[in-house]
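Starting from the structure of chain C, add chain P where the hints point.
There are 2 protein chains.
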Amino acid sequence: MAESAKKAPRRTKSRAPASRDKRERILAAAVKVFAKHGFYATRVSDIAREAGVADGTIYLYFKNKDDVLISIFDDRIRRLIEVLQREIASCDTTEERLRRIIEIQLGLLEEERDLAEVVTVNLRQSSRMLKQYATPLFMEYLGVIASVIADGQREGSVRSDVSPRLAARSMWGGLDGIAVTWALADGDPANLRTAAKQFASLYWAGLASAPAQNPR
Amino acid sequence: MAESAKKAPRRTKSRAPASRDKRERILAAAVKVFAKHGFYATRVSDIAREAGVADGTIYLYFKNKDDVLISIFDDRIRRLIEVLQREIASCDTTEERLRRIIEIQLGLLEEERDLAEVVTVNLRQSSRMLKQYATPLFMEYLGVIASVIADGQREGSVRSDVSPRLAARSMWGGLDGIAVTWALADGDPANLRTAAKQFASLYWAGLASAPAQNPR
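So the protein sequences, as listed, match chains C and P. Numbering-wise (the working numbering), the first sequence opens with residue 1 and increments by one. Numbering-wise (the working numbering), the second sequence opens with residue 1 and increments by one.
By construction, these hints were calculated from the structure, which means they are not laboratory data. Watch out, some of these pointers could steer you wrong.
Restraint-style ranges between C-beta atoms, simulated for each label pair [said to hold, decoys possible]:
| no. | chain 1 | residue 1 | chain 2 | residue 2 | range |
| --- | --- | --- | --- | --- | --- |
| 1 | P | Arg-20 | C | Pro-189 | 41 to 49 Å |
| 2 | C | Gln-85 | P | Arg-49 | 43 to 51 Å |
| 3 | P | Lys-36 | C | Ser-90 | 43 to 51 Å |
| 4 | P | Pro-189 | C | Arg-86 | 36 to 44 Å |
| 5 | P | Arg-78 | C | Ser-19 | 50 to 58 Å |
In the BS3-like style, the derived pairs of lysine-lysine whose C-alpha atoms are separated by at most 30 Å in a straight line are [to be verified]:
| no. | chain 1 | residue 1 | chain 2 | residue 2 |
| --- | --- | --- | --- | --- |
| 6 | P | Lys-65 | C | Lys-32 |
| 7 | C | Lys-22 | C | Lys-65 |
| 8 | C | Lys-63 | C | Lys-36 |
| 9 | P | Lys-65 | C | Lys-36 |
| 10 | P | Lys-65 | P | Lys-36 |
| 11 | C | Lys-32 | C | Lys-197 |
| 12 | P | Lys-197 | C | Lys-197 |
| 13 | C | Lys-36 | P | Lys-36 |
| 14 | P | Lys-22 | P | Lys-36 |
| 15 | P | Lys-22 | P | Lys-65 |
| 16 | P | Lys-32 | P | Lys-63 |
| 17 | P | Lys-32 | P | Lys-22 |
| 18 | C | Lys-36 | P | Lys-63 |
| 19 | P | Lys-63 | P | Lys-22 |
| 20 | P | Lys-65 | C | Lys-65 |
| 21 | C | Lys-65 | P | Lys-32 |
| 22 | C | Lys-22 | C | Lys-36 |
| 23 | P | Lys-36 | C | Lys-65 |
| 24 | P | Lys-197 | P | Lys-32 |
| 25 | C | Lys-32 | C | Lys-63 |
| 26 | C | Lys-65 | C | Lys-36 |
| 27 | C | Lys-36 | P | Lys-32 |
| 28 | P | Lys-36 | C | Lys-63 |
| 29 | C | Lys-32 | P | Lys-36 |
| 30 | C | Lys-32 | C | Lys-65 |
| 31 | P | Lys-65 | P | Lys-32 |
The structure displayed is predicted, hence computed values, not measured ones. Yeah, the Cβ is synthetic: ideal placement off N, Cα and C, and Gly gets one too.
If we strip away everything but chain C, and leave its shape as in the complex, we get:
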């Protein structure tokens, strides 16, 4: 709490490890506070209080509240994309890759529920600035899923009459829908695991190149 709350906003470019820890602490606090009060209703002083730092300290690391949110996105979506790409490379089949993506997306949500709420809630805020910023990263995330599906089409395991982008969007949306309603309902991790398994089964049955035989 050594910093003055009146210190003028500025941005440090290179940071020592201790400084990096404090930045992380502020981001983690912001995730909690945004999830609790929503982005718009949160004040910078709320984040400072949760992080146990002076208000001015926030401005040593971030330009403003928008910058805090953008940093959360940047940090988490990039990390998610890295994890996805590493895991996808370790799988042998398209079906396995898609199951792994589902587990990762819902698994992260399960372990970091506050974070999940920030990502889903705030991705949809109407701030034009945030939309412009978040969209390319989000599209990159969808692109990873779409490329797995396109690879499946090339190898013949995925039906060719569906757009990989459309399939990726509906997968993201379906998982997001499960996560949102799971959070609104009981939030029991066992139920989320069951949901992940059933979704993977549904989704693969829909995508697999064998024609669906409706027994009506």
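For chain P alone, kept in the frame of chain C given last:
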């Protein structure tokens, strides 16, 4: 603009047709303004300006800004549920019923894009009050979809190893994901129609009781 902006807040219970029109005009204006600026950043005076009424007029019909948003939800989700139930009753098979639900959810979005953004964006705001209020109506909407799937299981056209609630949640989420990314991307109605068709095909292939035959 005859009303005084200083008029004390009160709520009319029974309204004449002209009054009802004004209430509708305020709701329609609010849909536009919320979509543009987001709920939190919108002031009651912004809604009044868009609707062409004095600020005080808003308070003749609504307690506050929260009440305007709740009224939008109440009005639109109830209307959507009524339309769904009527259309579902007119279909002969589960597959048809599900295709109709998909068309209605995306069709409404296509015709009322501002409204779609309000419903998807604001359903996920972190206002506890809104969540508490919106959740029962939203669950009722999901319940309509789940009951179509459960009926399909009873008649044998839908596989029995998937929870109707889970299938309904992933359907809502998948459609929501398509609508959100469609709005972020080009917003071309033709693309949304193609997406609706492909999603219906994917989703039904996933749900149909014939076992998926993966040709790996």
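Checklist entry - When the hints from earlier in the document are held up against this structure, which numbers fail? => result Violated hints: none; all satisfied.
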